[in-house]
Structures are given as C-alpha cells and as structure tokens.
Amino acid sequence: MTKELLEGNRALAEAAVRAGVEAFFGYPITPQTEVLEHLSKRLPEEGRVFLQAESEVASINMVYGAASTGARVMTSSSSPGISLMQEGLSYIAGSEVPVVVVNVMRGGPGLGNVQPAQSDYFQAVKMAGHGDFHMIVLAPASVQEAIDLIGLSFELAERYRTIVMVVTDGAIGQMMEPAELPPMREIPQERPRPSWALTGAREREPNLVTSLYLGAEKLEATNRRLQARLQKIAANEVRWEEEAVEDAELLLVAFGSIGRICQTAVRLGRKRGLKVGLLRPVTLWPFPSARVAELAERVRGILTVEMNAGQMVEDVRLAVEGRCPVRFHGRMGGAIPLPDEILTQLEALQDEMEGAE
Amino acid sequence: MARIPEDMELVYRRPESMTEAHTHYCPGCTHGTIHRLVAEVLDELDVRERTIGIAPVGCSVFIYDYLNVDMAEAAHGRAPAMATGVKRIFPEHVVFTYQGDGDLAAIGTAEIIHAANRGELFTTVFVNNAIYGMTGGQMAPTSLPDQVTSSSPTGRDVKTAGHPIRMAELIGGLPGAAYVTRQAVLDVRSIRRTKRAIKLAFQAQLAGLGFSMVEVISTCNTNWRMTPQEALDWAKEHMVAYYPLGDTKVADGVKALQGKE
Numbered sequence: 051m052t053k054e055l056l057e058g059n060r061a062l063a064e065a066a067v068r069a070g071v072e073a074f075f076g077y078p079i080t081p082q083t084e085v086l087e088h089l090s091k092r093l094p095e096e097g098r099v100f101l102q103a104e105s106e107v108a109s110i111n112m113v114y115g116a117a118s119t120g121a122r123v124m125t126s127s128s129s130p131g132i133s134l135m136q137e138g139l140s141y142i143a144g145s146e147v148p149v150v151v152v153n154v155m156r157g158g159p160g161l162g163n164v165q166p167a168q169s170d171y172f173q174a175v176k177m178a179g180h181g182d183f184h185m186i187v188l189a190p191a192s193v194q195e196a197i198d199l200i201g202l203s204f205e206l207a208e209r210y211r212t213i214v215m216v217v218t219d220g221a222i223g224q225m226m227e228p229a230e231l232p233p234m235r236e237i238p239q240e241r242p243r244p245s246w247a248l249t250g251a252r253e254r255e256p257n258l259v260t261s262l263y264l265g266a267e268k269l270e271a272t273n274r275r276l277q278a279r280l281q282k283i284a285a286n287e288v289r290w291e292e293e294a295v296e297d298a299e300l301l302l303v304a305f306g307s308i309g310r311i312c313q314t315a316v317r318l319g320r321k322r323g324l325k326v327g328l329l330r331p332v333t334l335w336p337f338p339s340a341r342v343a344e345l346a347e348r349v350r351g352i353l354t355v356e357m358n359a360g361q362m363v364e365d366v367r368l369a370v371e372g373r374c375p376v377r378f379h380g381r382m383g384g385a386i387p388l389p390d391e392i393l394t395q396l397e398a399l400q401d402e403m404e405g406a407e
Numbered sequence: 002m003a004r005i006p007e008d009m010e011l012v013y014r015r016p017e018s019m020t021e022a023h024t025h026y027c028p029g030c031t032h033g034t035i036h037r038l039v040a041e042v043l044d045e046l047d048v049r050e051r052t053i054g055i056a057p058v059g060c061s062v063f064i065y066d067y068l069n070v071d072m073a074e075a076a077h078g079r080a081p082a083m084a085t086g087v088k089r090i091f092p093e094h095v096v097f098t099y100q101g102d103g104d105l106a107a108i109g110t111a112e113i114i115h116a117a118n119r120g121e122l123f124t125t126v127f128v129n130n131a132i133y134g135m136t137g138g139q140m141a142p143t144s145l146p147d148q149v150t151s152s153s154p155t156g157r158d159v160k161t162a163g164h165p166i167r168m169a170e171l172i173g174g175l176p177g178a179a180y181v182t183r184q185a186v187l188d189v190r191s192i193r194r195t196k197r198a199i200k201l202a203f204q205a206q207l208a209g210l211g212f213s214m215v216e217v218i219s220t221c222n223t224n225w226r227m228t229p230q231e232a233l234d235w236a237k238e239h240m241v242a243y244y245p246l247g248d249t250k251v252a253d254g255v256k257a258l259q260g261k262e
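Protein sequences, first through last, are from chains A and B. Per our numbering, the first sequence starts with residue 51, numbered consecutively. Per our numbering, the second sequence starts with residue 2, numbered consecutively.
Treat the hints with care, as some may be off.
Some chain B residues flagged as far from chain A (calculated, every beta-carbon gap over 10 Å) [as the list claims (entries may be wrong)]:
| hint | residue |
| --- | --- |
| 1 | Glu10 |
| 2 | Leu11 |
| 3 | Glu74 |
| 4 | Ala75 |
| 5 | Glu112 |
| 6 | Lys160 |
| 7 | Trp235 |
Some but not every residue of chain A turned toward chain B, in silico, with C-beta under 7 Å [claimed, not checked]:
| hint | residue |
| --- | --- |
| 8 | Gly97 |
| 9 | Phe100 |
| 10 | Glu104 |
| 11 | Glu137 |
| 12 | Leu202 |
| 13 | Leu206 |
| 14 | Met226 |
| 15 | Pro244 |
| 16 | Ser245 |
| 17 | Leu248 |
| 18 | Thr260 |
| 19 | Gly265 |
Label-pair restraints from in silico Cβ distances [stated by the list, open to error]:
| hint | chain 1 | residue 1 | chain 2 | residue 2 | range |
| --- | --- | --- | --- | --- | --- |
| 20 | A | Pro94 | B | Thr136 | 37 to 45 Å |
| 21 | A | Glu95 | B | Glu93 | 51 to 59 Å |
| 22 | A | Arg235 | B | Glu93 | 21 to 29 Å |
| 23 | A | Lys91 | B | Leu11 | 23 to 31 Å |
| 24 | B | Glu7 | A | Asn273 | 48 to 56 Å |
| 25 | A | His180 | B | Glu7 | 55 to 63 Å |
| 26 | B | Met9 | A | Ile237 | 48 to 56 Å |
| 27 | A | Arg279 | B | Asp66 | 19 to 27 Å |
| 28 | A | Lys91 | B | Gln259 | 35 to 43 Å |
| 29 | A | Asn286 | B | Glu170 | 54 to 62 Å |
| 30 | A | Gly160 | B | Pro154 | 33 to 41 Å |
These are computed hints drawn from the structure, not numbers from a lab. Using N, Cα and C, we set each Cβ at its ideal position, and we do this for glycine too.
Generate the whole structure from the sequences, applying the supplied hints.
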C-alpha cells in the first residue's frame, strides 16, 4: 500500500467501507456531508446498505434497528445533528447494542457555524443522552489517525456492546493530507451474528432488544451490569500520545486537531528553551487520568488548549487533583488557536511558576 | 398442552406465535384481541421463525412479552425507523411495527410517513383508540372533537387543539404504500375482517409490493370511563363515524393477492 492524498471525511468513510460496515444511515449536514456522499456511492457498489434518512432522529433509530440484528452499522453527523440523536443514543446504550457514530464537530451553540470546534466534548464525554452511560470517545488528530480509529471503533463497539463515537472537526474532515487506507476486509457472504441479536426465533427462544426494565431492582441490576462494563473499558482501553514529556517542566494537554497544533508548539517552544511536553488524549472517554496524574507529579504547570470555552480542562483538573496549577486557553466559534498564541500562554505560565517560587 | 381425547376435535388453541404470559391489559381492552390476530396470521403464513417485531411506547409496550418472536423496543414513535434498519439488513425476514395513536400519529409522524413513502417492506399495525392510554387518558392526535380527556377537560376544542388526524387516508395517499386499510375490533364481524386485513398486509410485504398498514379502531374503556360494552358501542357510534372503515390504498399487486384468497 502507498500513501495517497486523501480528504478527511472521504478517507474516514472509505475506512469504514474497508472495515466492513454493512449499513450507513445518515442525513446531510456540513461539515460532515462528504462522509454521506462517499458512502452513497461506495456502499451500493459493495452490495451493502446506504439510506439517506428524513432526519438525524430517524438515522440513529435506523442504526439502532440495524445494529439490533448484530450488523456492523454506523451513522455520521455534525453537532446539531448529534443533539437530535441523543434520544436514540440513550436507548442504544440501554439496549447494549454496538454502533459507531461519527461527529464532525462544528461551532455552537444552536446553529452556530460550520467552522471547526471542540465544543461537543461535554456532550460526547459526559452526557450523550439521559440516564447513566458513557460512550467510548475516540479523537483523531490527523486524516491517518481518523482512518485507523474507524477500524478500531467497530472492534471496540462489538467487543463491549457499546457505542463508540469518533469525534473529528471541520478541520480534519475537510483537510487533505497524505494517508494510507487499510486493505479491504474480507467479509463472508453469510455474516455470523451474535447470540443476542434479532435474527428470527428459529430453534431458540425469542431474543429481545430493549432498554425497558420496570421495577427498581431490575433497572438497578441492569445499570450495575452497564457500569461494570464501563469499568472494564476504563481499565483496558485508555489511549493517548505523548511528546517530549521525559524532562518536561510544562505540559500541554490537548486533543484532536488542537493536539496536533500543540505538537508544533512543543517543537517551537523547545527551540526557544521552554521545557514543554504534550499529552494528547486519543480516548476522551475513558480519559487518560492516571497518566495525567503521574505527569502532574513531575511538571510545574499544565496548560490545556481547546477549541471551546474550557471543557476537557475539567477532566484534567479532576485528574491532577491540585498536584500542580492547571491553566486553560481556548478559542471558540471556529477560531483556531495557533502555535504562536499557545507559546505566549506557555511563557505566561512559565513566568507565573517562576514568580511563585 | 393438555392431551385431546381421540373423539374430540381441536378447534381453538393458542397460536404458536403467542407466549403463555398473562397480559397486563385492563379488562375489556382490545389489545389482546389484536395481538392474537397478529399471532394467528404469523402462524398461518408460517413465518414466525423469521419475524422481527418492533414494539412501541404506550400501552402495548410489553407486546414483546406476549408474542413468541424476536422483538425490539423502540423509543416513542421511532418504531418505523427501527423497522427500516432491521428490514434493510434482513430483506428476507418479516418485519412489523405495532403502534398506538400517540406513538404513530403524534411523536412518530415523520418516521411513519417517510417509511411509508420509501415503500419500506414492513407492516404496521396501528391501534387507534383516540386517547393516550398508558399515561392515563390524555388527549391524543386522534381524540374526537369535543372528546373529554384528562388533558382536554372541557372537550377537545378543534380551534386550539386541531382536528383528529385520519392516518389511514394520509398514509394511503403515498405512492410507497401498497396496502392501507382501516378496520375495527368492535364485534365478531369486524374482528374477522381485521384479521383478513392483517393477513393481506403481511402478504403484501412478503410479495415485496410496498409498505402496508392496518389501522384498527379500538377502545380504551378504562380511560374513556365506560364499561367495556359501552366503550364498544361508543366506538361504533362515534369513532367509526369520523374514521370510516375500509381500504384507503390497494395497489394492483395487492388486488391480485386479494383475488387469490
């Protein structure tokens, strides 16, 4: 395989085809629409299902139905569309059905705009719908990583019978860069279905996919089962990337496209004599809290940079537990923090630390 | 099952597509009758083992406990979207939704209209009893003009609450629908007709002709504050007057099926 010049949204969509997605249900919304457009062509070519739904509400419930048969299915949208899907996400979580959802995030609140943003962090990580649940949330920082994480997302969804959300943004979605697609996954004509799936009650008792459990005892037991699974995910699936943390005195924490801009800030900062390192969470849930805590013991201060008003920084502070100062720099509404302004913030943090001594 | 003496003929039994569970329905409720009609049809068409049903939110939310088939429980109104997802994965399976009037004619209006319009190859059994039963008798989109409910205490005022929606006519007007009819379960004759309609709707699905829906005029004696008999009489007098029984769409392919019967 060789690298090709690929656009983020189309690369991600093609990666899903190659990972064996059987069906896609979606609705057009900028800056995600290329995912839907690509799949509208490619899935029928492969003899699989593509359906443009009447709304995101319908899309997610089509996904819910299709996933209830044990099929590998996905949808994609952007922020306002994800809000509409929250009802379905809650039911899917309660029913323990594996699905993959992509959110190519844009600026909010409301209609906001179509510029890149990370202001759906809380929505993705803290509360994707009513009730107690989490989704696994994967945040790629490049077109290549988006391709790789799509493949992983189906495996994780099916292994844990959970929702995996891949959050990118308008920048990664629209950007073209060299990347390599995986080979097409061989798919058997008759795909095996898991034992819980709705396949028709042939020579077995009927299966039921539901999130309804009347009676406190039953629903509490269900919640305990869900929580136990989430704990297992939290123990096994935390992922992050690091750069120059060995001797770092200042630590940047940033995810997705800003994580990548912070890489540049680290390299420029080092040239200027700043001992700065970077931790980039790849899983936003589960969050790499243990690693952040470990590094907080060693560094003098942490700067969290996001394209929002300060969302992930709350998880950073929860992990740091006062071990070192945590500062925040954010831009909103589609404005992107550039390396220079990140460096200015780092220098201010450095001065603050020295002033404190 | 008890053994049948040799000199007796078995004339009535629980369909294989029904479980032995006791239903939670109020005495006098017609849901049990409609469930049984669906189960009898699935048995007669010999499709139980490849049937997947979608349950609604409302009184019939527990239909999955009573039907002996694979089922999923949808969010309120979203059953047609879920059924779409299931059927697109398993085109050879038999897929149906069972929905009440709040579910189908209020919160799920977009989903049912677009599923029908796409000609999705599943069958919808739509139970219209002119009220929200599960939540205790509030006004439904199908409540009749001046009908007193717990959320229209002085009667449904059509000037502010709008008019009852005739869903069979609305859905029947869509090109994707192959067979749409309105029936009732208010006496033996109408029950038998409803069964024939449900069977034809599933046959239309099996033949790949398009979307099919049977609206069933039903009762809710508890929330109508009536005896079961009063409720049946009220439905015949008032509901059938507003919601005329009969077919609103019979595609040519379905006519051919009717001819074979």
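Hint-by-hint comparison with the structure:
1. With a least CB separation of 29 Å from chain A, B/Glu10 remains clear of the 10 Å interface cut-off, as annotated.
2. Even its closest Cβ contact with chain A, about 24 Å, leaves B/Leu11 beyond 10 Å, as expected for a residue assigned away from the interface.
3. The claim that B/Glu74 is not at the interface with chain A is violated, since a C-beta of that chain comes within 10 Å of its own (minimum 4 Å).
4. The non-interface label for B/Ala75 is inconsistent with chain A: the shortest C-beta to C-beta separation is roughly 7 Å, within 10 Å.
5. Distance check on B/Glu112: its Cβ comes as close as 6 Å (rounded) to a Cβ of chain A, failing to clear the 10 Å threshold; non-interface status is violated.
6. For B/Lys160, the non-interface assignment is confirmed: its Cβ lies about 30 Å from the closest Cβ of chain A, beyond the 10 Å cut-off.
7. Every CB of chain A is more than 10 Å from the CB of B/Trp235 (nearest about 31 Å), matching its label as outside the interface.
8. Because the smallest distance between the Cβ of A/Gly97 and any Cβ of chain B comes to about 12 Å, over 7 Å, the interface hint for this residue is violated.
9. With a least beta-carbon distance of about 9 Å to chain B, the hint placing A/Phe100 at the interface is violated under the 7 Å criterion.
10. The interface hint given for A/Glu104 holds, since its Cβ lies 4 Å from the closest Cβ of chain B, which is under the 7 Å cut-off.
11. Of the supplied interface hints, the one on A/Glu137 holds, with its beta-carbon coming within about 6 Å of a beta-carbon of chain B, less than 7 Å.
12. At a threshold of 7 Å, the smallest CB-CB gap from A/Leu202 to chain B is about 23 Å, leaving the interface hint violated.
13. A least Cβ separation of about 21 Å between A/Leu206 and chain B goes past the 7 Å threshold, and the interface hint is therefore violated.
14. A distance limit of 7 Å between C-beta atoms decides the matter here; for A/Met226 the minimum to chain B is near 32 Å, and the interface restraint is violated.
15. With its C-beta approaching chain B no nearer than about 13 Å, A/Pro244 sits outside the 7 Å limit, and its interface hint is violated.
16. At about 12 Å, the closest approach between the beta carbon of A/Ser245 and any beta carbon in chain B exceeds 7 Å, and the interface hint on this residue is violated.
17. With a least beta-carbon distance of about 4 Å to chain B, the hint placing A/Leu248 at the interface is held under the 7 Å criterion.
18. Here the hint on A/Thr260 is kept, as its CB sits about 4 Å from the closest CB of chain B, short of 7 Å.
19. Nearest Cβ of chain B to the Cβ of A/Gly265: about 13 Å, over the 7 Å cut. The hint is violated.
20. At about 43 Å, the beta-carbon gap between A/Pro94 and B/Thr136 stays in the expected band of 37 to 45 Å.
21. Restraint check, A/Glu95 to B/Glu93: a C-beta distance of roughly 22 Å breaks the suggested window 51 to 59 Å.
22. Judged by the Cβ atoms, the range 21 to 29 Å given for A/Arg235 and B/Glu93 holds: they are separated by roughly 24 Å.
23. Hint check: A/Lys91 to B/Leu11, Cβ distance near 56 Å, so the stated range 23 to 31 Å is violated.
24. Checked against the hint of 48 to 56 Å, the pair B/Glu7 and A/Asn273 passes, with Cβ atoms roughly 54 Å apart.
25. Taking the beta carbon of each, A/His180 and B/Glu7 are about 59 Å apart, inside 55 to 63 Å as hinted.
26. The supplied range of 48 to 56 Å is met by B/Met9 and A/Ile237, whose beta-carbon atoms lie about 54 Å from each other.
27. For the pair A/Arg279 and B/Asp66, the beta carbons lie near 25 Å from each other, so the given range of 19 to 27 Å is met.
28. A beta carbon spacing of about 40 Å between A/Lys91 and B/Gln259 agrees with the range 35 to 43 Å that was offered as a hint.
29. The hint said 54 to 62 Å for the Cβ distance between A/Asn286 and B/Glu170, and at roughly 55 Å that hint holds.
30. The given range of 33 to 41 Å is respected by A/Gly160 and B/Pro154, whose C-beta atoms sit roughly 37 Å from each other.
The earlier numbered hints that this structure contradicts are 3, 4, 5, 8, 9, 12, 13, 14, 15, 16, 19, 21 and 23.
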